[in-house]
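Student: So you can see what is in the structure, the chains are spelled out below.
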Amino acid sequence: MKKLISLLTVGLLLAPTLALAEDAPVSEISYVLNTFSFLVMGILVMWMAAGFGMLESGLVRSKNVATICLKNISLFGIAGILFYLMGYNLMYAGVDGGYMGSFGLWAADDAAALAGDYSGGYAAASDWFFQMVFCGAACSVVSGCVAERIKIWSFLAFCVVLTGIIYPIQGSWVWGGGWLSEMGFLDFAGSTLVHSVGGWAALTGAIILGARKGKYGKDGRVNPLPGSNIPLATLGTFILWMGWYGFNGGSVLALGDAASAISMSNVMVNTNLAACGGMIAAMILVQILYKKVDVTMGLNGALAGLVAITAGPDTPSLGAATLIGAVGGILVVIAVPFFDKLKIDDVVGALSVHLVCGIWGTMAVPFTNSDASFLTQFIGVAAIGVFVMVATSVVWLVLKYTVGIRVSEEEEYRGCDITEIGMEAYPDFQTIHLGGSGVAPVVGAVSAARVATEPIKHS
Amino acid sequence: MKKLISLLTVGLLLAPTLALAEDAPVSEISYVLNTFSFLVMGILVMWMAAGFGMLESGLVRSKNVATICLKNISLFGIAGILFYLMGYNLMYAGVDGGYMGSFGLWAADDAAALAGDYSGGYAAASDWFFQMVFCGAACSVVSGCVAERIKIWSFLAFCVVLTGIIYPIQGSWVWGGGWLSEMGFLDFAGSTLVHSVGGWAALTGAIILGARKGKYGKDGRVNPLPGSNIPLATLGTFILWMGWYGFNGGSVLALGDAASAISMSNVMVNTNLAACGGMIAAMILVQILYKKVDVTMGLNGALAGLVAITAGPDTPSLGAATLIGAVGGILVVIAVPFFDKLKIDDVVGALSVHLVCGIWGTMAVPFTNSDASFLTQFIGVAAIGVFVMVATSVVWLVLKYTVGIRVSEEEEYRGCDITEIGMEAYPDFQTIHLGGSGVAPVVGAVSAARVATEPIKHS
Amino acid sequence: MKKLISLLTVGLLLAPTLALAEDAPVSEISYVLNTFSFLVMGILVMWMAAGFGMLESGLVRSKNVATICLKNISLFGIAGILFYLMGYNLMYAGVDGGYMGSFGLWAADDAAALAGDYSGGYAAASDWFFQMVFCGAACSVVSGCVAERIKIWSFLAFCVVLTGIIYPIQGSWVWGGGWLSEMGFLDFAGSTLVHSVGGWAALTGAIILGARKGKYGKDGRVNPLPGSNIPLATLGTFILWMGWYGFNGGSVLALGDAASAISMSNVMVNTNLAACGGMIAAMILVQILYKKVDVTMGLNGALAGLVAITAGPDTPSLGAATLIGAVGGILVVIAVPFFDKLKIDDVVGALSVHLVCGIWGTMAVPFTNSDASFLTQFIGVAAIGVFVMVATSVVWLVLKYTVGIRVSEEEEYRGCDITEIGMEAYPDFQTIHLGGSGVAPVVGAVSAARVATEPIKHS
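Residue numbers (the working numbering), protein chains in the order written: chain U, 8 to 466; chain A, 8 to 466; chain F, 8 to 466.
No lab work stands behind these hints: they were computed from the structure.
Please note that the accuracy of each hint is not assured.
Capping the alpha-carbon separation at 30 Å, the derived lysine-lysine pairs in DSSO-like fashion look like this [said to hold, decoys possible]:
#1 U/K350 <-> U/K298
#2 U/K407 <-> A/K299
#3 F/K298 <-> A/K220
#4 F/K220 <-> U/K298
#5 F/K225 <-> F/K348
#6 U/K299 <-> U/K220
#7 U/K299 <-> F/K220
#8 A/K348 <-> A/K298
#9 A/K298 <-> U/K220
#10 F/K298 <-> A/K407
#11 F/K222 <-> U/K299
#12 F/K350 <-> F/K222
Looking at chain U on its own, in the form it has when it is part of the complex (with noise of 0.2 Å):
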């Protein structure tokens, strides 16, 4: 449905300048383009999922990495189950200006274009592969906000549910041709359909699950957690930032002619732009405020950029771009604080990169595009907002009054990778145990310093 509205939206918007567009004899040969655009741009959509994974990776503390690496790697193949069993179908079966589609196996037919007949546009199954992506990138962002302390069978029992329901559902409404679509909410490749979703998602599970131990001084002072390996959560930046050309280039849908092959050209470049305004904003911000470019910062920033032009990255110039890609990286530099200040523990800042400027982005819409309305942009932001936070609540609050969903205190203090996984991320390196509230021994070569608030791993 998003794609063949969008192919329709292109067809109406080109017709008087593009008139060869429709001549058969290229016909199935762009149909070949659209499906192989699909596969190449989901390809690269997927890889993100390996970037959520190394940058959560780096931003936790070594006693959790192999828990959130066993996490990220089995949400993706739980995403990819459970949109074959029911998501796709959910999401695009019929919704027709409804609010969800209906439930069962989702089953290709391309037996039209074999056929001879191209006007499906695309095979069935390069249309699901670029959907179930998706579908998983928004499950990635949960997982690193709720880290270091969910117990992983609860965790995996929410993505099933969140692959499998909640965000085809609020899908349904705009790329499936539902409610939203309807009323003329626009979100492009999913600042609000993706990356908020995973944001409210994550906003419910950090604050039901609580903080981590120590996180929060009791004289209200915030204790930083750093993270275990920052080239790690910079290679995931790196991962992110080129999956999302195929993110956002993907979803022009289209690349069987010109006019989409320049679509995709220009959604590539701002999208490019608004990660380097995100980035350079919020390193010029960070460096301002506590005279120090704190890389996690700007790995945020990029993300932060990436994030708000996900809305729009078809409209804007260049110069917007960049400008919409840096107030998010602005945004991201003031929300870390703020949650904090909340005392909402979000590990990785995935609240402050995908909720916060996955809002900016889909308000942001209206600046550069005359066919969005702020009042339908909010709209849109708000209900989806409302519905997942109430569905993932019921859904975590389920879990925890059944199997639970955090570890005992004893266990976080040890690391999920020994009390869940049963095995160490570094086993071969003696490690300092960060963070945490125990007695700290004072041995080997630790600093007084440093044990003086942080016990020794005895690895």
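With chain U's structure known, arrange chains A and F on it following the hints.
Tutor: What follows is chains A and F alone, placed relative to chain U:
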């Protein structure tokens, strides 16, 4: 040959419905698309060499990490050179129902296409590139299994023979149009031709080399020698998963018409769901058996699903593909302790993943493809297994009794990085020397419990 | 301009055999394919920024890793913004045999294509994207060479000038259609225009900055300061190798006809074999010279082969491409100790790889391309070398005598991560402070032998 046959097959099967596909006006563009598909998908398969490198770097102990890095990148270099010097010709030059092609330099000739005759289907070099990266992948399977005790130059000498002679000869039997292909043996993208070949070569290597010191205790106990970097292993798995879209998707061997594009889409989606099925099945089984959800089993489960679907990703339904992968995931959880019981020391689980699931996937083809027969599939698996085991045993034994294949006990204890590469992988980190059999000095921050069995590395 | 010229060249050279290529019916699709090639190949080149980031993160000491991460990702952001604000125009806007284009914002105009005239050949933004990532690559070369002692903001200020002014001006001389292009200077994908430019900029930076403390002893001894993470360096090399397919393959600048597809295939295969040749040659030579097969020399050998083939990957035979790469690999093994003898402290070997092999590759073009002359190639190498050395020296010196370019001795000793970024790259790991010149306390599990020259980091 591989693709010529496939193209003809596709052509014949779809001839009634696809009369338009042979139309002259699109043929140059079809040629371009076929070529571009080989290049893009080939790049993804090349990327799998990095995936193997990171997976294996994460699963060996820190004292052997630099060595495994060098092995993984240099074997890809060797594969490139040998496939140019002889491999491609041996595999594809005039096999015609026989057992091998001819020795000699590969030489491209695209004159016909430049003169306007596009019946060759694709640029010669694009096919060479795509086939070469498959050859490299077979070789990558071996390095992880025999890690931590093999001499690097002996290993690279083995790679020369594997990529230059052994892999191409058995490959010629099927993809080169040789006797197995004439019998009707089906292996779409190489469960047998690539993965089991690497697996058999690794098996003979692991047996002839013997186990690592300290792996198997005198009382029959199996000592875990845990991998040193789980995020790297996870990254490697993500890379392999991503690359597999190219491995299987590119093996459609065409993109110039709608039928190929549809087939490629189906293949990619089945590939993805098999990985999902393998991972989730392995995670659930390992949780039931061991009460913890071992992250490396999850990773190997995903890879097991990918190997299993590779023999026939084009015919199963999505549900069948998920199940084929899930059986692979279950097999890997069973196979890992099985090989340990036989005291065959497989450092990264390569035999369980690539050999066991390669066989499983090949034998599963007849379940969903009526053109395949269990007997023919079995003959292919067995013939290639016997050939590769005999041939690689000869090579390993010749190396063993000439230059030697195993490092000394002292070198193994200190780690190959220092003794063979002259460089540590992580020189800045204080490390704990895991495994080995020396006396254990009690020092620093290491707990007595671990020290009891593990000597400290004086890094 | 770069591609316009190339397209015309291809058109003229192949005119007799490719009459069909100008046929109207395929031209919109050719336009789409040219555009898509720029986008896909450009994404691969963007990915090289991550490759440089990981390579350099692996080759610096752990106390400077977070800083090098931030530098590598932020320089790519700066390149994007500056190439938009002025770089692209300076390089391509009306150069016509001259020395530079004009200042001013880049503005796309695809109106002709939308009106059905596809003679522009590709979407404007796709070309901008492809050229921008090349600009970023030149800048990435610099960061590794001057690592571990440069102030981050001064480095980024340098990047602004390099990517906004210096790179585009010299680029305009060749790819912009300027005076060197009119003389017949040939540099297919940038051995000189990208790699040697980064190399010259790094050379002046390394000289003006001076060597790291402790690198060169008073007795003339060179102290190795080993990189902290070899798997990351290996990953970086794999990423760069992968990205180079796009770097060179995309520089065919077209994909809309069979001749372009054939050329792209040949270019990618030659690129691959040059990397193989460089790596294997470097490994063999280093084994002979030093009796160990240094992994970083293997990695740099592969990169040396890649840089060397970049000036002319379209004309050599596969054997010649392998040899051109192999000579690059040999040069890098010779050049690394050569620069150390000159006490030019190049942290990652960037001068040996990008400068030396960039020159070698450019001078090697006439061996396989009869359109090139040694004299013209030499003039191009020298002119660009002199221009970039003078221009970058001015920038480095202005920065040195205004804001300063080098961190204090105390900051260098503690590491830039703490002093400039306020964050450690690996805070959880107990680290050994390698290099430096302070007093060495004997502590923990560190052997006396190492401690004698290396103080412990009180992490």
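Student: Hint by hint, say whether it matches the structure.
Tutor: The hints, checked one at a time:
1. Simply put, U/K350 and U/K298 have alpha-carbon atoms about 24 Å apart, close enough for the 30 Å limit, and the pair holds.
2. This hinted pair checks out: U/K407 and A/K299 have alpha carbons roughly 20 Å apart, not beyond 30 Å.
3. As the CA atoms of F/K298 and A/K220 are separated by approximately 26 Å, the hinted pair is consistent with the 30 Å bound.
4. A threshold of 30 Å between alpha carbons decides the hint, and for F/K220 with U/K298 the separation of about 26 Å falls inside it, so the pair holds.
5. At most 30 Å may separate the alpha-carbon atoms for a hinted pair to count; F/K225 and F/K348 meet this at roughly 13 Å.
6. A C-alpha spacing of about 27 Å is found between U/K299 and U/K220, which places the hinted pair at or below 30 Å, so the restraint holds.
7. Distance check on the hinted pair: U/K299 and F/K220 sit about 23 Å apart at the alpha-carbon level, within 30 Å; holds.
8. A C-alpha spacing of about 21 Å is found between A/K348 and A/K298, which places the hinted pair at or below 30 Å, so the restraint holds.
9. Pair hint A/K298 plus U/K220 holds up; C-alpha atoms about 26 Å apart against a cutoff of 30 Å.
10. A hinted pair counts as satisfied when its Cα atoms are at most 30 Å apart, and F/K298 with A/K407 qualifies at roughly 21 Å.
11. Using a Cα cut-off of 30 Å, the hinted pair F/K222 and U/K299 holds, with the two alpha carbons roughly 27 Å apart.
12. Simply put, F/K350 and F/K222 have alpha-carbon atoms about 9 Å apart, close enough for the 30 Å limit, and the pair holds.
Checked against the numbered hints given earlier, this structure breaks none of them.
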